[in-house]
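From first to last, the protein sequence lines stand for chains A and B. Counting from 1, one number per residue, gives the positions in the first sequence under this note's numbering. Counting from 1001, one number per residue, gives the positions in the second sequence under this note's numbering.
Simulated from the structure, these hints should not be mistaken for laboratory data. Careful: at least some of the hints might be erroneous.
Partial selection, computed: residues in chain A whose CB lies under 10 angstroms from chain B [claimed, not checked]:
no., residue
1, M114
2, E217
3, R259
4, V271
5, L292
6, Y303
7, A306
Taking lysine to aspartate or glutamate pairs in the EDC-like style, the calculated list, with each CA pair at most 16 angstroms apart, reads [as the list claims (entries may be wrong)]:
no., chain 1, residue 1, chain 2, residue 2
8, B, K1294, A, E260
9, B, K1268, A, E277
10, B, K1268, A, E278
11, A, K268, B, E1277
12, B, K1264, A, E260
13, B, K1276, A, E278
14, A, K268, B, E1308
15, A, K286, B, D1027
16, B, K1274, A, E307
17, B, K1268, A, E285
18, B, K1274, A, E308
19, A, K268, B, E1272
20, A, K276, B, E1260
21, A, K264, B, E1293
22, A, K274, B, E1282
23, A, K276, B, E1170
24, A, K274, B, E1272
25, B, K1274, A, E282
26, A, K276, B, E1278
27, A, K37, B, E1260
28, A, K276, B, E1269
29, B, K1276, A, E277
30, B, K1264, A, E282
31, A, K268, B, E1282
32, B, K1268, A, E282
33, B, K1258, B, E1184
34, B, K1268, A, E272
35, B, K1276, A, E272
36, B, K1258, A, E293
37, B, K1276, A, E285
38, A, K268, B, E1184
39, A, K294, B, E1260
From a predicted model like this one, the values you see are computed outputs, not experimental measurements. From the three backbone atoms N, C-alpha and C, an ideal C-beta is built for every residue, glycine too.
2 protein chains.
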Amino acid sequence: MFYKELSEKVFSNERRKVARAISIVEDYNSDASELLKQIHSRVGKAYRIGITGPPGAGKSTITNQLTKLFRQEGKKVGIIAVDPTSPFTGGALLGDRIRMNEIGNDEGVFIRSMATRGSLGGLSRKAIDAADVLDAAGYDYIILETVGVGQSELDIVQAADTTIVVLVPESGDSVQAMKAGLMEIADFFILNKSDRPGADQAVASLQTILMMKDHDEKSWMPGIIKTIASENKSMNEVLLEIERHKKFMNDQNLFLAKRENQTKNRIKEIVENKIKEELWSESGEKSLNSALEKVILGNLSPYHIAEEIIENFISKKIYK
Amino acid sequence: MFYKELSEKVFSNERRKVARAISIVEDYNSDASELLKQIHSRVGKAYRIGITGPPGAGKSTITNQLTKLFRQEGKKVGIIAVDPTSPFTGGALLGDRIRMNEIGNDEGVFIRSMATRGSLGGLSRKAIDAADVLDAAGYDYIILETVGVGQSELDIVQAADTTIVVLVPESGDSVQAMKAGLMEIADFFILNKSDRPGADQAVASLQTILMMKDHDEKSWMPGIIKTIASENKSMNEVLLEIERHKKFMNDQNLFLAKRENQTKNRIKEIVENKIKEELWSESGEKSLNSALEKVILGNLSPYHIAEEIIENFISKKIYK
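Hey, can you work out the whole structure from these sequences and the hints?
What follows is the structure, given as structure tokens:
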């Protein structure tokens, strides 16, 4: 059994096999499900850290510095970096080049980049599945790093145990409004490049937003850490804040609930993706195309066609 | 038949019934499908304009000014304004107050606001369905206005015949990277508040990005219109650019293909939403919850559970 063998090699952290396993997960077909079923029993030991924020906030640098600190403690670190690339520009993975120089040659570090290539579909599933592979391979910490743009990327960091939102002084006002989603998922904030003008103001406005949130003395209050990651300033405080959050979650018995909720969302996503794939397979697209004309001519509404498609889908599944 | 009567009243543009119809569409249950089926034959005459861009770019003001210009031509205008509201702040619909003073009392204008209330799920469907109601009610132009944040909001403006992306000089660099999605959906750009410093630079960098796109002399080249909407400056140029795009699409016979593609995406979304609703109904959530424990304990992977759920879903549909 190919997948049994491969998963054994993942368990013993053979680098090339781990890379191969992630590729299978990225390509995603029935093979991926098989592999993920095989490794499942070994998944769940790693501590997952999500890092997100606007482009240019310094997420890669922070990931690098955190990785070095974890390595000093003798911990192994897996990194999944999700880089959105525009179909316009092709998208250069700048962060990678820096990383390769600094930590890329360390045997205790595994780095994998994933590009969105225009479509965001299934990306969060891929990233989370890849984290499972690294988890099964015995990495102690898994960092999921992504630009905070779309829902899919928010899904990725929400699969983490601790989610860090990185901002810079310039993010200021616009972030408040635009990135409402980011504000709500942060377990704590890093204000990076905090030697730039406006840093204290940015911290103050963040604090204002946080105070508006319903909270009492028992609820978790996200900290705001001012760093200059490129000079390795205050990175230890970041570690401490991760520890503080971990301890809080443990003390309040919240981890289990969080992971349960994550697993639930994940199962839902897998189910929905599988159904979508089958719905819009070649034959599904074909019957959709032939139904289109009826809608365009005004004979039938999209809602009529939708019902037809669902009925067809289910009845086909019965007789096959 | 309630829906037949209601749709007749929508066709004759009875304001309160139009509002009622949109509420049904917003609430979304089997009633909504019935209503949308009833009105479908009258849908398709309106010209749909999508307006998106970062918060504070002046989208509401532009919508107002465009509406006034259309009204001068004797055209009726329907407006669907999608405002993202954070669960933190509750979200004040600032644009609405301005609108109510200026155009809200005009019988030839229908304004509807939709709030995202945290979750973006189904919002694009609701907004597009509401546009159908206004279309059936005989509005000549329908403006879909939304803040360009997530995929769902991109979906909304992509349901338009002409999509306008509004930027301001300050958007500058960050927009390029972050809003890659916005760059690709724009049929043309408005650089609003163009009396502010950096306007020419912003135009130049937009042009650079546009030139990077594959194009030949036959392809559509999005214009960039500098406006000061609050002073009604260059709003006529915006109208002309809409006309230029409309003419181009007509001349190249591209409208039919665009609408076909939109209808296709819409049917897919309806199908997927309907299936999701049935999957995660009360009983579906219940069986998901009971399956969770097996995953947490490591006995079964999320992929195992997902397959179980799909099988159950389909076999239940057979015997009912």
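We went through each hint and held it up to the structure:
no. : hint              : in the structure
1   : M114              : 16 angstroms, violated
2   : E217              : 20 angstroms, violated
3   : R259              : 7 angstroms, holds
4   : V271              : 5 angstroms, holds
5   : L292              : 6 angstroms, holds
6   : Y303              : 4 angstroms, holds
7   : A306              : 4 angstroms, holds
8   : K1294/B / E260/A  : 11 angstroms, holds
9   : K1268/B / E277/A  : 12 angstroms, holds
10  : K1268/B / E278/A  : 12 angstroms, holds
11  : K268/A / E1277/B  : 12 angstroms, holds
12  : K1264/B / E260/A  : 36 angstroms, violated
13  : K1276/B / E278/A  : 14 angstroms, holds
14  : K268/A / E1308/B  : 12 angstroms, holds
15  : K286/A / D1027/B  : 32 angstroms, violated
16  : K1274/B / E307/A  : 9 angstroms, holds
17  : K1268/B / E285/A  : 10 angstroms, holds
18  : K1274/B / E308/A  : 12 angstroms, holds
19  : K268/A / E1272/B  : 13 angstroms, holds
20  : K276/A / E1260/B  : 20 angstroms, violated
21  : K264/A / E1293/B  : 10 angstroms, holds
22  : K274/A / E1282/B  : 21 angstroms, violated
23  : K276/A / E1170/B  : 40 angstroms, violated
24  : K274/A / E1272/B  : 11 angstroms, holds
25  : K1274/B / E282/A  : 21 angstroms, violated
26  : K276/A / E1278/B  : 14 angstroms, holds
27  : K37/A / E1260/B   : 40 angstroms, violated
28  : K276/A / E1269/B  : 10 angstroms, holds
29  : K1276/B / E277/A  : 14 angstroms, holds
30  : K1264/B / E282/A  : 14 angstroms, holds
31  : K268/A / E1282/B  : 14 angstroms, holds
32  : K1268/B / E282/A  : 14 angstroms, holds
33  : K1258/B / E1184/B : 15 angstroms, holds
34  : K1268/B / E272/A  : 13 angstroms, holds
35  : K1276/B / E272/A  : 7 angstroms, holds
36  : K1258/B / E293/A  : 13 angstroms, holds
37  : K1276/B / E285/A  : 19 angstroms, violated
38  : K268/A / E1184/B  : 30 angstroms, violated
39  : K294/A / E1260/B  : 11 angstroms, holds
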